[in-house]
Amino acid sequence: MMILMEHLVVCLRLTIALSLALTLAFGLCLTTRAQRAAGPTKPVVTFEEVLPSQSGITWVHNNAHSPERHLPETVGAGCAFLDYDNDGWMDIYLVNSGPADFFKPATQIRNALYHNNHDGTFTDVTDKAGVAGGTFGMGVAAADYDGDGWIDLYVTCYGRNILYHNNGNGTFSDLTDRTGTGAPGWSTCAVWFDYDNDGKLDLFVSSFVYYDKTLNVLCSDELKRSYYCIPRHYKPRPSHLFHNNGDGTFADVSKQSGIADSPGKSFGAVATDVNNDGRMDLFVANDTMPNFLFINQGGGKFEESALAAGIGYSASGKPRSGMGVDAADYDGDGWQDLFVANIEQEFFSLYHNQKDLTFIDEPGEIGPATQFLSGWGLRFFDYDNDGNSDLFLVNGHPDDFIEMRNARVKYREQLQLFRNTGKGFENVSPQSGVVFNKYFSGRGMATGDFDNDGDLDVLIANNGEAPALLRNEGGNRNNWIGLQLIGKQSNPAAVGAVISWQAGTLKRSRLKTSGGSYLASHDPREILGIGSAAKIDYVEVRWPSGKIDRLTNPPINRYSKVVEGAGLNMPR
Amino acid sequence: MVKTVNIVEPNSTASARRLERLWWRPDTFPLGRLAIVVVLLIILACGSVTFAQVDKLVPRLEHAAGLIAEKHIDEAEKELAAILRATPNEPTALNLLGAVRAQQGKLNEAELLFSRAIRSDSRFVGPHLNLAHLYTLTGRPKKTILELQEAQRLDPGNVEAVDLLARLLLAQGQIDEGINVIEQAKQSQTLSAPLLVLLGDAYLKKGNAPKAEESYERALGQQSELTDAVLGLAQVSQFKGAADTALVQLSRARKMVANSPDTLYRFALVALGAGLFEEANGTLLAAIKLKPDDPAYFLALGTTWIKKPDLAEAEHAFRRALELQPESPRAQMYLGYTLLEQKKYPEAREYLEKSLLTDKSVPETYYYLGQVAQEENEDERAVQLFKKAIELAPSYSFAHAGLGASYLRLKNYPLAQQELELSVKLNPNDSKAHYNLAVLFARLRNQQRAQEELQIVDKLKTRNGGPAKEGDVSSSPEPRPPK
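These protein sequences, in sequence, are chains Y and W.
Last residue of the first sequence: 572 in my numbering, with the numbers rising by one and none dropped.
Last residue of the second sequence: 1055 in my numbering, with the numbers rising by one and none dropped.
Honestly, the hints are just simulated from the structure, not real lab data.
Keep in mind that a hint or two might mislead.
Claimed, not checked - Derived DMTMM-like pairs: lysine to aspartate or glutamate, alpha-carbon spacing no greater than 20 Å straight-line: (1) Y:K355 with W:D951; (2) W:K983 with Y:E362; (3) W:K715 with W:D735.
Claimed, not checked - Some chain Y residues judged to face chain W by a derived CB distance under 10 Å, without partners named: (4) G134; (5) S314; (6) S316; (7) K318; (8) F347; (9) D356; (10) L357; (11) T358; (12) D361; (13) G367; (14) Q371; (15) N406.
Stated by the list, open to error - Cβ pair distances, simulated, as ranges: (16) W:R1017 with Y:R232: 26 to 34 Å; (17) Y:N276 with W:Q1023: 24 to 32 Å; (18) Y:T552 with W:Q1023: 52 to 60 Å; (19) Y:L223 with W:V820: 40 to 48 Å; (20) Y:Q354 with W:Q1023: 17 to 25 Å; (21) W:K997 with Y:V434: 51 to 59 Å; (22) W:E952 with Y:G120: 17 to 25 Å; (23) W:E895 with Y:L51: 53 to 61 Å; (24) W:R1017 with Y:D247: 37 to 45 Å; (25) Y:P430 with W:L929: 50 to 58 Å; (26) Y:L223 with W:A815: 28 to 36 Å; (27) Y:R232 with W:L857: 30 to 38 Å.
Built from N, CA and C at the ideal position, the CB exists for glycine as well.
Please construct the entire structure, taking both the sequences and the accompanying hints into account.
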């Protein structure tokens, strides 16, 4: 099997030289600081905030905050890392609110697409690209749904969703009506995945409650101060599943698939394969309702099985306020585990897969650390390239009055980073950068290597505030290999592919999931950490089609493109 | 030879009464920081003295007692030493000198002097009471009881002896004995209102609501504004399940000014029983301001924080209770529970295991340890702990539910079903057990039963008014509040 490795990014030399100069110049100071922070044994990986003045990202989210406290105001918004122009660098998309039945903005409010200038700065290309939105935006999911090689954008909204088709020339076209994916109402998260393994990306869209301004419930305290109501006051809605017909249109299969049989108040969603049957399932968080685990039965049918799986409710049988979700095999036993973040005092859950469609909540250190937090964006990813999936949490309380009612809970909350030690998760937030001392009204969170240095950076969408771009500093001290998977017989995004790799004694595998986090879309490339190993023995990709590609001695510390099938590779 | 008690003239009686009111005071006590309890000196003049001697002796003893009362300890000591040089076995002087020694912190010498006084006059009640106080001070309850019993035998009408003895017996859990003491005293004296309240409390502990009610009513007959009696009546109403009446009585008690921390504490317990957690919480905080070092107050405060709910504050209160009483198995258990609820499992286990070292009789402790084991994926261990809880309390529904949940995790579905069904039979309102049954039936693909169980969970949630907020605080049943 001949696989061509294309070295996509080699800007490392300059970066390394610069780092070296800085280290020589400030060597003593850095050593002392490092020793204080983490002791002499292990270098610390940190996340450093890239300020708007450095990045050029000056866009700010407008949450349409009103005295009436309309619920959509407090749950947005989302963000994405995507390479819309195929230049090998991650661009950024940010979702804003906009006109709605309860909100008439005085000035234009728009989403933003920022082009990556390859030097750590970005340029706003929204107008040229034609992706400003126009309704009350929520989240975003990016993928090449039509397999033309260009990443498209699906923007979820309160009102009507938008499917932006990438024209391949830096512009997009709104093909929502033509594709039939508008899904009116209130949509939150969207996930591109191939549920029927026909090689085309289908679309799941989470629906939140039935809502319009006439249904708004005014919740107020004894001093008649309004606050955002608990969604318990609103009726649940069924989510949507759109089947990709392969001709540029989609069919709404929500009913026949069984998805619509379970109305919910759905937020985060992730496509994963919890029973290793090769069919992608869906884990969906619900607010004040039991979560959903839609098991893909094949034949286009899903069965909701969260109760039997033990992940619908809290351990005491209470539905919680599920928001962000993700899936990963965090303990390397070959089975996908799940994570859901809830509201303060409900604790977050780390569901360990028992390999028989049941799960046990084993949060370990994450449990007490999240007691007073409300979690939205979150992601399992290997921030230090040691081969283990770590966990990054973005938090923030939905009620801006919460501090008046509960002194222990903050409206803006801190980020959290849990390192996977191989035996459990360890809270490493305090030593992972000053940004972990800051407070955010965090919502969406996407991961992506925007500086192409081989470690995953983080983008956070804050409610009513500027986004935060965090650069991973030091994750690439360990070795890695970056893969861009291009499905041919399988879906273009290779969602559902299983990547296995070995480097000396380190042996890992990873399922390419889709969605996860909250209202967000991630860098589609996979960075495989190999720790200090100097070479990687092999990488094997088992595609959803069943085909297997095996790469022996692939080059490390660079990105490579892997195209499904022997001899199929596409130099860029 | 006659007993002085028989010959003391009327004007001396007043002096004797004044002497009866002599107390050790912490501020005059050299070890005041360590000791609080005071000793009552009761001078029942007696001894083998002649009338003439009595004529001289009584004024000198009165003088010495007066000096003690005025805190002129050194002078009192000189006077008593002089008396004892002349009459070395004079019991009153020995008793008074014992009081002086006690005030000087010389407890062993005090004990010897009180004992000598008794040997000089075996019918002398005062030194028995003083010894009782001394034994209380040095933590010897059995000896205290013996002395008080002897004092009561010698003087059945001695109100102080009865009161102290009854309180001590009740505190020691000897309820029947405590009741007997007060009932016997009833034959020879009119019981004071506080003693009647005490009797009511004892009957309530025995579950005899009518007798308790009668005692509280009689107390109120004597003293219509006695808050403790009204609170006692509220407790009787709660015992009888008459929540509305209890609330009326609680409201009556609320209007009475209570400056006593103990009464405030009692009010809080009744309010806690009536579900008025905010009020109980506020009252306890007020009681703690007045008396900041009573571990029982912090235990009760912790339970109100659990109810509010604020587990972090509850943890703080229980930790304070443990600071004040480090080996309290109850405080350890409460703290263990609070830590369990906050998912701080290793520390929860530590405190629950400590609690078990001292008290192996509390089923809840085993139950919570079972919960910890379950959360830490030690299901086999959890099974053993739940079984132990059931052994101690066979109808402890939560332990059966916990056991069922462990079997569910172990995929032993028949045993899980057996235990969970038994649990909901014992306690149909346990929504967690119903939820686990729903999970079980869903796994057995019996969707109808699963849905039925979920509907029960929902109904129970609705009946309880649903959670006040979104937080899902309690996953285990909380420990019983202090009573």
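Exercise for the section: Tell me, in ascending order, the numbers of any earlier hints that this structure violates. Expected result: 4, 19, 22, 23 and 25
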